[in-house]
Amino acid sequence: MTRLQRILIWIFCAGVALWLVAPTLVIVPISFAEKKSLAFPPDGFSLQWYANILNSPDWSGSIVSSLKIAAIVAVVATVIGTLAAMGLAKMKAGPGGILRAILITPMIVPGVVLAIGIYAVYLDHQMVGTLVGYVLAHSMLAIPFVIIAVGASLAVFDTRLETAAASLGASRITTFFTVTLPLIAPGILSGLLFAFVTSFDEVIVALFINSPTLKTLPVQIFASMTRDSDPTVAAVGTLIFVLTSFTIAVGLWLGTRRRRS
Amino acid sequence: MDAKHRGAAVDIRDVTKTYGTFTALDKVSLQIEAGQFMTFLGPSGSGKTTTLNVIAGFTDLTAGEILIGERSVGNLPAHKRNVGVVFQHYALFPHMTVAGNVEYPLKLRKLPKADRARRVAAALAMVHLTDFAHRYPAELSGGQQQRVALARAMVFDPPLLLMDEPLGALDKKLREWLQLEIKRIHRELGTTFVYVTHDQEEALALSDRIAVFNKGRIEQVGSGRDLYERPETLFVGRFIGESTVLTGAHETRGDETAIKVGDQWVGIPGRPAGAGPQALLLRPERITLARPGTGAVAGTNRLPARVTEAIYLGSGVKYEVTLADGTRGIARMTLADDHFALGDPVEVAWQKHEARLLADDGSSLAAQSGEDK
Ligand SMILES: Nc1ncnc2c1ncn2[C@@H]1O[C@H](COP(=O)(O)OP(=O)(O)OP(=O)(O)O)[C@@H](O)[C@H]1O
Ligand SMILES: [Mg+2]
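Chain order of the listed sequences is A and B. Under UniProt numbering, the first sequence has 136 at position 136, and the numbering climbs by one with no breaks. Under UniProt numbering, the second sequence has 262 at position 262, and the numbering climbs by one with no breaks.
There could be a bad hint or two in this list.
Stated by the list, open to error - A few chain B residues that don't get close to chain A, going by computed Cβ distances all over 10 Å:
| no. | residue |
| --- | --- |
| 1 | R184 |
| 2 | R332 |
| 3 | A359 |
What the hints assert, rightly or not - Straight-line C-alpha distance at most 30 Å; calculated DSS-like pairs for lysine-lysine:
| no. | chain 1 | residue 1 | chain 2 | residue 2 |
| --- | --- | --- | --- | --- |
| 4 | B | K260 | B | K318 |
| 5 | B | K183 | B | K107 |
| 6 | A | K92 | B | K215 |
| 7 | B | K80 | A | K92 |
| 8 | B | K80 | A | K90 |
What the hints contain is simulated information worked out from the structure, not anything from laboratory work. Glycine is no exception: its CB is placed at the ideal position from the N, C-alpha and C atoms.
Based on the sequences and whatever the hints tell you, model everything.
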């Protein structure tokens, strides 16, 4: 490769990277704005919007609700999705494929359609604005992601290892925990992460089923944006951005460290 | 521990296994003595792996019974059979080190830590892998991985060890060395070994007894020598070693049976065991090639032929000849014997009692696709 080619590739990659992170980076300066405006670039500097997150029950409450719901959804969807993926992997190709397609439909059906259906049922059963309601709806949306992530791990998992474990004296359960689980753990972990994010990020269904007493962060952001231009949104966004970047960095670091040892 | 009493006898009684309408095993019966080295030999698809799998408990049997050391294992799941298995594809756990793999069955048996460490060390020493204990399977060569698999399968002292073509994926040199290792380990442990292979040389090198499989049945069980010198079916005779097979119409003449090869009759003592077409089987060492019309001896059969191939083997010469009726024959001669060139007319001669009279079961070399694999 010539020097020129290398420089061109560098410039191209830097351009793509900038394109991908620019929208995220725009919110960081806005979050420190002095006036109540979402103008970019902002004037002055203040931490008042960060303080506002803590002081306003609307913001802090919705953040806590979102984290709680997403955490429960992540666990529920991961357990159910993993079991489903394992069942599918053991089925014959034909019926297994059909069942898999059915299980994945929540991913393909437009969110609004699902939301209307869910809302209609929840109204009848007094589930609007309840924790159980959120968890059920979001788990349904998250399970397909877990099935896909775990299914991909199972596709490369050598089931003959389970036969070998049996010959060495391991029962099915022991085999699952000592052989299968450790080997498909990366798939389960990414399924867990997807499930968490699916719930944490979900707006459409949440807009339909929220109530003044229980609403998630995306609903609060949406409400805030439609009411006024409050830079608290940017402060929340910045916090989430920092937290997720940190989590991913730690994850990558652990991943490379494990591989090297 | 007395090495000679650690193996378990295996008794396979009328075991049948069907997949839908296909019969993979057809009433297979076989007794394996405690501590014996038994090899399953046979062409591809003949049911060797299936038999091993029903012994190990990986496959349910359709009918019949299996006893391991007097105990019927029909209803026992694989993980309760206490049978070691070595797979052709190694099947090592990639997320555990070599030591972790070998320790796995001991952990399941809840042995104390010190005991486990001692046994893992002993098993790894047995397969010469002591220095590799902390490596992961991905960091080992094929032969090393297979030795770990062997250590893992025997570390918990199973009375029975099953091996399905364990050396199938390895090159010839390594295979020969590991054959010796396996034989040594068998001698040291006294465990009953059941070994599956395609390779007849491997079977002859390792086994006390060999069971020859064909189409879901066992054709014959015996030592390598039995199978070579006294095959009971034409299939076995053709599958083990090299042979010349003569076929044709037959008739009984007193105590002798005569078979018409081309337009000539050859005789063999004894009568055919059943009705139906008969065949004569000759081993290459039993055949002498002679110049036409020379050295006739009483009690020998002679058939005219032409030399089509001469292969120098160092210890002797192997000749391929074609008989008048087109049959291909193989003769092995010592260096002291007469020499023949390609195309030479010769006479194929053998003592009448040195051939074997067998029912012609229609088996042909072409059907034995697994032979040289
Ligand atoms: N799960 C299965 N379903 C249907 N048929 C099967 C199944 N497993 C094995 N068979 C059939 O049973 C027969 C015996 O198979 P087996 O694996 O025992 O052969 P083998 O003697 O081990 O052959 P190879 O030397 O090629 O390993 C084969 O014809 C095979 O196609
Ligand atoms: Mg096989």
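For this session: Quick one: which hint numbers does this structure break? Sort them smallest to largest.
Result: Hint check: nothing fails, all pass.
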